[in-house]
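Novice: If you read the sequences in order, they're chains A and B. In terms of my numbering, the first sequence opens at residue 51 and continues consecutively. In terms of my numbering, the second sequence opens at residue 1400 and continues consecutively.
Hints listed in this document are in silico derivations from the structure and should not be mistaken for laboratory results. The reader is advised that the hints may include incorrect statements.
[Stated by the list, open to error] Think about it this way: if two alpha-carbon atoms lie no more than 35 Å apart in a straight line, the pair counts; the simulated DSBU-like pairs of lysine-lysine are:
#1 146/A x 289/A
#2 69/A x 289/A
#3 1552/B x 1540/B
#4 146/A x 194/A
#5 69/A x 146/A
#6 1552/B x 289/A
#7 69/A x 1606/B
#8 187/A x 146/A
#9 289/A x 1606/B
[Said to hold, decoys possible] What the simulated footprint calls covered on chain A by chain B, stretch by stretch (three residues with Cβ under 8 Å from a Cβ of chain B suffice, anywhere in the stretch; the number is not a length):
#10 210-217
#11 240-248
Here the structure is a predicted model, which is why all the values come from computation and not from measurement. The beta-carbon is built from N, C-alpha and C at its ideal position, and this holds for glycine as well.
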Amino acid sequence: MPETHVHGESALLTVSHLKVAYPIRSSVLLRRIGDNVAVSDVDFEIRPGETVGLVGESGSGKSTIARAVIGLVPPSGGRISFEGADITNLSPRRMKDVRRNMQMVFQDPYASLNPRLTVRDIIAEGWRVHRGIVSPKDWTREVKELMDRVGLNPDYSDRYPHQFSGGQRQRIGIARALALRPRLIICDEAVSALDVSVQAQVLNLLEDLQADLGLSYLFISHDLSVIEHICDRVLVLNKGVVVEEGTALELFENPQDEYTRALLAAVPVARPWLVEETP
Amino acid sequence: MMSTPHRRNDAAAETDDVLLSVQDLQVEFATSAGVVRALDGVSFDVRAGETLAILGESGSGKSVTAQAIMALLPKPAGSIVGGQVRYRGTDLVAEPVSRVRELCATEIAMIFQDPLSSLNPVFRIGYQVAEPFRRRLGMGKREAWARALELLKRVGIPDAETRIRDYPHQFSGGQRQRIMIAMAIALEPRLLIGDEPTTALDVTVQKQVMDLLADLQAETGMGMILISHDLGVVADVAQRAAIMYAGRIVETGSIRGIYDTPAHPYSQGLLSSIPSNTAIGERLTPIVGSPPNLLALPTGCSFHPRCPFATEVCRTTVPVLRQPDGWEPGHVAACHRSEEVLTHA
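Bound conformation, chain B alone:
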């Protein structure tokens, strides 16, 4: 039950529980140095109650994916030039931005990496958390404030009755991220997108925030997309993962499938770069070279200059996502030489 390119335009396969189905999404940015293809044929599905992790290094296109879904691409530089973002049957790409904003306000919510710059420093927390109730549900001030208090208690702000009158700078980083989560879940969204939600937090706080997200999901049955550069953080929470490199999904499948038997050399390289996977005193095995410049992508597979398995075909032909024999269903990788990669591991 995975998103593969074959499923495109296959309306019957879009069963009721598929919340969001991104199909062959293409995003371009116009820069002074030329047009950059930031996303190239990205496809995935998210179901209700499920968590998909989108993993990749900086510049791989993971945040652009979230921005494209929420119609938040920086204008006028960025634009969606192809593909579909189907949310419960509606193609968000074809809808006017105002309609997408309305949907995003009530049904799709997002939390960002830096909670301090996402909160308004001159308004009390209670006022900001109550805002969706006033604006979207037309509640009175008093009622909205009461609902905000409930939410703050729900996300674990201690002493919420007094803290609700405080300003953002009076909270710690972890508490601010809890407040952002409170605002995101205020209108009970069906889909929550977290763009590096814990990257700015200490490890102990990070764990608390991830646990909170998992609890909220178990309670409300919402679908989640977690975007991260850290393969460890999402491993506990997500069921499926998509690994991105240079604007493409290079491997997708169950978390266990990818982490235990990575079929793309890039996924394999990422996993072996993690220091904790190496014994003390042993040398790390990094990926050689550095991520490609999107303005001058290598021909063929964009990973081939850094790839230890690369052959002539990798330099000439762009690999498509495929599922060779013997893999669990839904585990696909865009590599010509996945069989060799798997036997090597």
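For reference, chain A alone in the conformation it holds in the complex:
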């Protein structure tokens, strides 16, 4: 299902005025005695083939936004629509159908793969849940194609996750997300746990997949250099509020907000002497 990136095309995902609050409950009767507002009034949209980045410090609400979009936490206000349909308060059963087109890659490649399943079963699990995408007799062949696609040796499909390195496990996670042929992949700190040399391999893979399959990414990271590299547009979050939004180029070349500037100034520079010499 290749799609070309056309500007002005209608948005794949639209988030408007999103608010998420976690309840604070009393210790005895667990009555709701207050709210801890994690995200307030966040607006953004993702077009087909586009990568939108969420960046901010821990506690800024970036993961909460991802979890609200994919339906893991209920929003307290606002509207989320995907492929033109409102998915804000769908029932779990209806949400399941939406998730076929919206997959997630998690941060920790050690914790996010079931250690008792082989790679084949991990990748095929989505087809077991969402019937009718791939018929069971084709599962093995399709798994091998996917493994080849993400740069894993297809002969290893009967191995278990512990037999793979961190970077390879993250590739398994990406293959699992691709299995359902989604249109949007949410990458929540997907490369943060990887060594730099391997991180670069996975970032290149994500870009290749996007070019070939027309995927959109919601890319979450605390690492500004990764965000700058992979994202088309970036939202900077501070304490649950978007303080600045723009294309990656605008934002990193000419930050307007005080907080964005502070964040950028703190990013370690590999060769600080070059910066000092060219003010």
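With chain A's structure known, arrange chain B on it following the hints.
Specialist: Coordinates of chain B only, in the frame set by chain A:
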């Protein structure tokens, strides 16, 4: 003035300001799958007032180096099987562990990556920071508490007079790391080892903690070893760096020397993998393949399967650290083909 293999057993070269001199250190771990050589011939010096960065990816042996110095290797699996760790003339490897512990308590201090698991959750911060004063200097409770308060102010805990009575969970990650630093510098160590001290912290907090370490060093003149996987974090603070791969130091020299003219293809690969060194939209140039399994190291240079410069000699002969013509003194790399690597860059 660098540590090279030639300097081994050369007592005269160990001038007074060399705090710690690690010479040809070999560490092995016994695992169910066989014996793993985690460190193989690691040598470096640290002087007073100087910061050495030890850089490498996971499994390269950088943390094992710190553990070996501090006699913290997990027992009984890990053991030092060769080499020396000379601290101001004393070989720590030959000393009994109890003596090393005593030295480490007062003269060599260490800070770890995860400050929450290094602090005891059931004691007040003040009690924990005051502990070295009570245990090592025999101070009374009241006096030790006062010294702890001073330290907390020194490392920049706001409102220290009231916060000193709080428990670890009441502090943020950056504040906890400041508390760990306060405990580490309590007895004014001559050498501070930081094992990924800022990896768990946000960028803005990371910068504050690195600045704090640099300030403390300028004030006390202590030597520092900073262990990190992030080449950017240490670039501002360290003067020298050692790049580790599969248990060996593959390149060492001044930070600028290594970063501007990397002479080992692995250092070069690490530097070009950093996204910020690449223009937006440009493809990253990662190192192909993945780090080797220490149980089955490739023959010859252990980097050769991932190396774009590898030739036949790399597959058969282990390269030694050497300094070819034209490099700044002390910049050495363990590569047969450094000249080609340099002209390519």
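Novice: Indicate, hint by hint, whether the structure satisfies it.
Specialist: Hints, verified against the model:
1. 146/A x 289/A: 30 Å, holds
2. 69/A x 289/A: 12 Å, holds
3. 1552/B x 1540/B: Within the cut-off at roughly 19 Å; holds.
4. 146/A x 194/A: 25 Å, holds
5. 69/A x 146/A: Judged against 35 Å, a Cα distance of about 22 Å means the pair holds.
6. 1552/B x 289/A: Answer holds: residue 1552/B to residue 289/A is near 27 Å, not above 35 Å.
7. 69/A x 1606/B: Judged against 35 Å, a Cα distance of about 31 Å means the pair holds.
8. 187/A x 146/A: Since the Cα atoms of residue 187/A and residue 146/A sit roughly 23 Å apart, the hinted pair holds (cutoff 35 Å).
9. 289/A x 1606/B: 20 Å, holds
10. 210-217: It holds: at least three residues are needed, and the segment 210-217 of chain A offers 3 whose Cβ sits within less than 8 Å of chain B.
11. 240-248: It holds: at least three residues are needed, and the segment 240-248 of chain A offers 4 whose Cβ sits within less than 8 Å of chain B.
Violated hints for the displayed structure: none, as all numbered hints are satisfied.
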